[in-house]
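**Q** Just need the whole structure built from these sequences, with the hints factored in.
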Amino acid sequence: NAKTLRSFVRACVRTYVRTYVRSNIHKYINTYIHTYIHTYIRTYVRTYVRTYVHTYIHTYIHTYIHTYIHTYIHTYIHTYIHTYIHTYIHTYIHTYIHTYIHTYIHTYCTLKLRA
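Take the sequence shown: its letter number 10 is residue 10 in full-length UniProt numbering, and every next letter is one higher.
Because the hints were derived from the structure by calculation, they are not lab data. Hints may be right or wrong, so weigh each one.
[To be verified] 25 Å max Cα-Cα, derived SDA-like pairs, lysine to any residue:
1. Lys-112 / Tyr-100
2. Lys-3 / Arg-18
3. Lys-3 / Val-17
4. Lys-27 / Lys-3
5. Lys-27 / Val-17
6. Lys-27 / Arg-14
7. Lys-27 / Thr-43
8. Lys-27 / Cys-12
9. Lys-27 / Thr-39
10. Lys-112 / Thr-99
11. Lys-27 / Ile-37
12. Lys-27 / Ile-41
13. Lys-112 / His-102
14. Lys-27 / Thr-15
15. Lys-27 / His-38
16. Lys-112 / Tyr-96
17. Lys-27 / Tyr-16
18. Lys-3 / Tyr-16
19. Lys-112 / Tyr-92
20. Lys-3 / Val-13
[Stated by the list, open to error] Cβ pair distances, simulated, as ranges:
21. His-54 / Tyr-28: 36 to 46 Å
22. Thr-4 / His-26: 46 to 56 Å
23. Ile-81 / Ile-61: 23 to 33 Å
24. Thr-51 / Tyr-88: 50 to 60 Å
25. His-54 / His-94: 48 to 58 Å
26. Tyr-44 / Ser-7: 46 to 56 Å
Note that the structure is predicted; figures quoted are calculated from it, not measured. Even glycine gets a Cβ: it sits at the ideal position worked out from N, Cα and C.
**A** As structure tokens, this is what we get:
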């Protein structure tokens, strides 16, 4: 009967190990993996994405402002100033000088011829 009792205890322990321990190990591993992955995603991935996106946006905007806008403004201002000054010199000053010299010479010559 002692042998039967021992077999019964072994069978109970085996069943306990198979069901309860395996189930708990499975739950523990599942919870650990879930928590680890969740924590990993929350901390590392989020931080990385935030840092990457921040850096990318900062770099992109900085580069965009520095290159495109700077170049555009530089080109626009340069072209505008160049065109404006050129046009101003060509039309207003040229016309003014032309008109003034023409009028002066005309008036001077008319007065000299009359005198």
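**Q** Each hint should be assessed against the structure and marked as holding or not.
**A** How the hints compare with the structure:
Straight-line distance between C-alpha atoms of Lys-112 and Tyr-100 comes to about 18 Å, which keeps the hinted pair within the 25 Å bound. With a C-alpha separation of about 22 Å, the suggested pair Lys-3 and Arg-18 falls inside the 25 Å cut-off, and the hint holds. Using a Cα cut-off of 25 Å, the hinted pair Lys-3 and Val-17 holds, with the two alpha carbons roughly 21 Å apart. Restraint check for Lys-27 and Lys-3: not satisfied, since their Cα atoms lie roughly 35 Å apart, outside the 25 Å limit.
Straight-line distance between C-alpha atoms of Lys-27 and Val-17 comes to about 14 Å, which keeps the hinted pair within the 25 Å bound. Between Lys-27 and Arg-14 the CA atoms are separated by roughly 19 Å; this keeps the pair inside 25 Å, and the hint holds. Our distance criterion of 25 Å between C-alpha atoms is met by Lys-27 and Thr-43, whose separation comes to about 23 Å. Of the pairs offered as hints, the one joining Lys-27 and Cys-12 holds, with about 22 Å between alpha carbons and a cut-off of 25 Å not exceeded.
A distance of roughly 18 Å separates the Cα atoms of Lys-27 and Thr-39; the hinted pair therefore holds under the 25 Å criterion. Restraint check for Lys-112 and Thr-99: satisfied, since their Cα atoms lie roughly 19 Å apart, inside the 25 Å limit. A distance of roughly 15 Å separates the Cα atoms of Lys-27 and Ile-37; the hinted pair therefore holds under the 25 Å criterion. The straight-line distance between the Cα atoms of Lys-27 and Ile-41 is roughly 21 Å, inside the 25 Å bound, and the hint therefore holds.
In summary, the hint linking Lys-112 to His-102 is supported, as the alpha carbons are separated by about 15 Å, within the 25 Å threshold. Distance restraint check for Lys-27 and Thr-15: the Cα-Cα separation of roughly 18 Å lies within the 25 Å cut-off, and the hinted pair is therefore satisfied. As the CA atoms of Lys-27 and His-38 are separated by approximately 16 Å, the hinted pair is consistent with the 25 Å bound. Simply put, Lys-112 and Tyr-96 have alpha-carbon atoms about 23 Å apart, close enough for the 25 Å limit, and the pair holds.
Among the hinted pairs, Lys-27 with Tyr-16 is consistent with the structure: their alpha-carbon atoms are about 16 Å apart, no more than 25 Å. For a cut-off of 25 Å, the pair hint linking Lys-3 to Tyr-16 stands: about 20 Å separates their Cα positions. Pair hint Lys-112 plus Tyr-92 does not hold up; C-alpha atoms about 29 Å apart against a cutoff of 25 Å. The hinted pair formed by Lys-3 and Val-13 meets the criterion: a straight-line CA distance of about 15 Å does not exceed 25 Å.
Here the CB-CB span from His-54 to Tyr-28 is close to 37 Å, well matched to the stated 36 to 46 Å. Under the hint 46 to 56 Å, the C-beta atoms of Thr-4 and His-26, about 32 Å apart, miss the expected range. Look at Ile-81 against Ile-61: about 27 Å separates their beta carbons, and that is inside 23 to 33 Å. Take Thr-51 and Tyr-88: their Cβ atoms lie about 52 Å apart, and the range 50 to 60 Å holds.
In this structure the hint that His-54 and His-94 lie 48 to 58 Å apart at CB holds, the actual value being about 55 Å. For the pair Tyr-44 and Ser-7, the beta carbons lie near 52 Å from each other, so the given range of 46 to 56 Å is met.
Checked against the numbered hints above, the structure violates hints 4, 19, 22; every other hint is satisfied.
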